[in-house]
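Peer 1: One letter stands for each residue in the lines below.
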Amino acid sequence: MFAPADTRTKDTRTKLSARMKPRTRTLPRVFEKSSDLTFTSTRTLLQYGHATGKLAVRGAVPVDGDVMELLLDARDAQERNKLLSDTAYGRFTAEATNLTEFEAGLDAARANAVNLLAEAQMDPSFEAYFRVTAAYQAGSEHEYFAEKMELAQATGVAFLVQTTRLEIDCANVRLLMRKRAAGMSAQELADKDSLIREGSLGTAQLLRAYRSTEREGGDDGGSVALHELAVELTKLGPFRAVDPAALEDVYTLDIALRGVQERNLARALRLGVGPETVVAYVLRVYSETDLLRALMVGLDNKVDRQLLRRYVVVE
Amino acid sequence: MAQRVAMIGDVVSLAPFASLGVQTYEASTRDEMVQAFDEIMSDEFAVVFVTEEVYEVLERTIARFATETLPAITIIPSVTSARGIGGTKIDVAIERALGAPLPAREEA
Numbered sequence: 011m012f013a014p015a016d017t018r019t020k021d022t023r024t025k026l027s028a029r030m031k032p033r034t035r036t037l038p039r040v041f042e043k044s045s046d047l048t049f050t051s052t053r054t055l056l057q058y059g060h061a062t063g064k065l066a067v068r069g070a071v072p073v074d075g076d077v078m079e080l081l082l083d084a085r086d087a088q089e090r091n092k093l094l095s096d097t098a099y100g101r102f103t104a105e106a107t108n109l110t111e112f113e114a115g116l117d118a119a120r121a122n123a124v125n126l127l128a129e130a131q132m133d134p135s136f137e138a139y140f141r142v143t144a145a146y147q148a149g150s151e152h153e154y155f156a157e158k159m160e161l162a163q164a165t166g167v168a169f170l171v172q173t174t175r176l177e178i179d180c181a182n183v184r185l186l187m188r189k190r191a192a193g194m195s196a197q198e199l200a201d202k203d204s205l206i207r208e209g210s211l212g213t214a215q216l217l218r219a220y221r222s223t224e225r226e227g228g229d230d231g232g233s234v235a236l237h238e239l240a241v242e243l244t245k246l247g248p249f250r251a252v253d254p255a256a257l258e259d260v261y262t263l264d265i266a267l268r269g270v271q272e273r274n275l276a277r278a279l280r281l282g283v284g285p286e287t288v289v290a291y292v293l294r295v296y297s298e299t300d301l302l303r304a305l306m307v308g309l310d311n312k313v314d315r316q317l318l319r320r321y322v323v324v325e
Numbered sequence: 041m042a043q044r045v046a047m048i049g050d051v052v053s054l055a056p057f058a059s060l061g062v063q064t065y066e067a068s069t070r071d072e073m074v075q076a077f078d079e080i081m082s083d084e085f086a087v088v089f090v091t092e093e094v095y096e097v098l099e100r101t102i103a104r105f106a107t108e109t110l111p112a113i114t115i116i117p118s119v120t121s122a123r124g125i126g127g128t129k130i131d132v133a134i135e136r137a138l139g140a141p142l143p144a145r146e147e148a
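Protein chains in written order, with the working numbering: chain R, 11 to 325; chain C, 41 to 148.
The set of hints was computed from the structure by calculation and includes no laboratory data.
Quick caveat, the model's predicted, so the values are computed rather than measured.
Some hints here could point you the wrong way.
[Unchecked claim] Some chain C residues flagged as far from chain R (calculated, every beta-carbon gap over 10 Å):
1) 44
2) 56
3) 63
4) 65
5) 80
6) 82
7) 85
8) 87
9) 96
10) 99
11) 105
12) 106
13) 109
14) 110
15) 114
[To be verified] Computed beta-carbon distance windows for the label pairs:
16) C:59 - R:202: 35 to 41 Å
17) C:106 - R:201: 17 to 23 Å
18) R:320 - C:105: 28 to 34 Å
19) R:129 - C:99: 42 to 48 Å
The C-beta atom is built at its ideal place from N, Cα and C for all residues, glycine as well.
Start from the sequences and build out the full structure, keeping to the hints where you can.
Peer 2: Structure, rendered in structure tokens:
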């Protein structure tokens, strides 16, 4: 069916055409990119659809606790390679014949993940955010987080700001548990201004938890003192689901805190199409490559598998 | 005389160093860390590596030896720490700290 010939004058047609143009609401920048959006704009679909589509292929099998268990139980390197071939890392590590080559493969996987940011034409501040992670050793933890927070805010993505706040919370909890183990007093901790600001939990709130579990006459850093602080910290915000016992060992503490961050990433990966999904994917690759590296270092050096499990399996 | 090297840390981080001839001390509690450190200081080591976890717990004890010529106490990231780097990269960190790589252990 054809439309009848348009007999309207040129002026009328121009006015109608202007009226018929899709209305574009100008949203404040912070909302335009925020994870608080409840709809996916066409612009977002166009920009991130390609990158997110790639993620669906790359990250079909995440290296979660179950996969780690399977890798730990694998009879040999060949079986491990087969398991990894179903994950995003298989194509990078398949040819590795020793630990050095395996680590090079993990580095390549990280670089490849970061390349997605450029492919999705995301603001350079995203890539800069991940470069700070890589260059951590150069400065103090305070400088590191200050720079990360600044870059996270520059991206305008609320999820990345929230993730950075959570990372700061984890760094502060780690610090408190280690300082309690060292027998440091709350006063000394406050005087040294050791806690990092801009976490979701305020430094005053964390100090209160530390002080409330302090023993009279000073701490000995013993197991009771550690347990009481762990119980207090697991009453706070993002740590509510954490088993206090997991925080009490200075090494497995990191695995417990990693679990807190993993749950945050899992939420973002379910969001669908948008910058959050791409960013969460890159963060997940960083986390998983850390654990895979630790796993392979342990296996390569014949560390007891049950012992190794404590260090690499995130519950 | 050979330069002896010791290290205190977790079992995974220590593992690669044991094969390099480093005297390793596994410690996860404060008491174990203090005991390992005392033992090392009463011996003759040229270099002592401690993981960042151990350093944070023993910070004040280690500070007392900061002006001593030997042993040189160096902090390295552990394999499993939040921003930890792998065993091979720890070798790189050591090379930066010492100015030379750790020699491989000579087989008897």
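Peer 1: Is it the case that residue 96 of chain C keeps its Cβ farther than 10 Å from each residue Cβ in chain R?
Peer 2: Given that some Cβ of chain R is not farther than 10 Å from that of residue 96 of chain C, nearest at about 4 Å, it is violated.
Peer 1: Say whether it holds or is violated: residue 114 of chain C keeps its Cβ farther than 10 Å from all Cβ of chain R.
Peer 2: holds, 13 Å
Peer 1: Does residue 80 of chain C really sit off the interface, with its C-beta more than 10 Å from all C-beta atoms of chain R?
Peer 2: holds, 18 Å
Peer 1: A cut-off of 10 Å on Cβ-Cβ distance, and residue 105 of chain C was said to be off the interface with chain R. Does that hold?
Peer 2: At about 16 Å from chain R, residue 105 of chain C clears the 10 Å cut-off, so the statement holds.
Peer 1: Just tell me: holds or violated, for the beta carbon distance of residue 106 of chain C and residue 201 of chain R against 17 to 23 Å?
Peer 2: holds, 20 Å
Peer 1: Is residue 82 of chain C truly not at the interface, in the sense that its beta carbon sits beyond 10 Å from all beta carbons of chain R?
Peer 2: Per Cβ check, residue 82 of chain C is outside 10 Å of chain R; nearest 21 Å; holds.
Peer 1: Test the statement that residue 87 of chain C is away from the interface with chain R: the closest C-beta pair must be farther apart than 10 Å.
Peer 2: Answer for residue 87 of chain C: holds, closest chain R Cβ roughly 19 Å.
Peer 1: For residue 65 of chain C, is the shortest CB-to-CB distance to chain R above 10 Å, so the non-interface label stands?
Peer 2: Given a closest Cβ separation of 14 Å, the condition holds.
Peer 1: Beyond 10 Å from chain R, beta-carbon-wise, is residue 44 of chain C?
Peer 2: Label holds. Min Cβ-Cβ 21 Å, cutoff 10 Å.
Peer 1: Decide, holds or violated, for the assertion that all CB atoms of chain R are farther than 10 Å from the CB of residue 106 of chain C.
Peer 2: holds, 16 Å
Peer 1: Honestly, do residue 129 of chain R and residue 99 of chain C meet the 42 to 48 Å range at C-beta?
Peer 2: holds, 44 Å
Peer 1: Confirm or reject: residue 99 of chain C is not an interface residue toward chain R, with every Cβ-Cβ distance exceeding 10 Å.
Peer 2: violated, 6 Å
When each numbered hint is compared with the structure, violations occur for hints 2, 9, 10.
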